[in-house]
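A.B. asks: Sequence:
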Amino acid sequence: MEQGAARERTTETPSPASPPADAAHDRPTAPAGPARPARVPDQARSPEPRPGRHPEQDTAPRPGRGRDAVPEVPDARAQHTHGETVGLVPRPVRRHSVRGQILEALRTALVGGELVPGEVYSAPALAERFGVSATPVREAMQRLAVEGAVEVVPNRGFRVTERTPRELAELAEIRALIEVPVMLRLARTVPAARWAELRPLAEATATAAARGDRARYAEADRAFHRAVLSLAGNQQLLAVADDLHRRSQWPLISAPTLRHGVLVADAAEHTALLDALIAQDLTVVRALVREHFTGSEC
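For the sequence shown, the numbering used here gives the first residue as -2, with consecutive numbering after it.
One should not assume that every hint holds.
With beta-carbon atoms standing in for the labels, derived distance ranges [what the hints assert, rightly or not]: (1) 149 x 182: 20 to 28 Å; (2) 224 x 287: 15 to 23 Å; (3) 224 x 121: 36 to 44 Å; (4) 261 x 284: 15 to 23 Å; (5) 207 x 186: 27 to 35 Å.
In short, the hints are calculated from the structure, not lab data. Note that the structure is predicted; figures quoted are calculated from it, not measured. Every residue gets a Cβ at the ideal spot worked out from N, C-alpha and C, and that includes glycine.
Could you build the full structure based on these sequences and the hints that come with them?
C.D. replies: Laid out in structure tokens, this is it:
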């Protein structure tokens, strides 16, 4: 019985994890030492340590992995606010706001005739008037120079452009070429109720005209035309038309006594234009828009 059991044990197939008996006897015994780690495939290897960090930081235990895990200390250099562009210095908002306010103030003074065509104004003198530094004033004047309202005079400042009636007529022709077809198309498609919503804007131009407030009228006039053209849903059209409209409002040297009467007549045309648009009278719309551009000096 015992011999049979011994034969059965000797004839058992060795486990794949156990080396053959004769191979174990023939292989020399390795000296005692730390166990050799198993080779890790390339795709499973840990990434190289990041520059500027100690290698131990990359191999340290992660939080929540094991009882003795050490909380990881985040690298302060890698921290930034969500959405923030690393390496860019934020722009100062205050200075940009001041420049925008000065630009609008200069435009108002230009339309209102406070800045006289042909006169030269220096940035320091205007800055003292507004109670700011010369830098935002100079930047605003440079913007007006790009628009053509003023021209740069080296070592002196900025000269207000002297406009001629011919320039005004050219601007009116371009505005008519752009806005007349758009308004005729809108007259066919926009419902009457939508046009009626623009009456308060037309009334605002009439109020400013009656007071003789040229600067306020210029602002209300642009607001009315923007509201009408915005119904076309074309932002590029709005930008081009508003730029042309602003240029057409720069004052002329001649005929200062006619300005109040021109403002009142233009304001009345706004109301008449709304009436024609509500009635879808295309003939009247075309005539009013052309007359509004060519007969106006504001």
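A.B. asks: Honestly, which of those hints from before does the structure not fit?
C.D. replies: The structure conflicts with hint 1 only, although it agrees with all the remaining ones.
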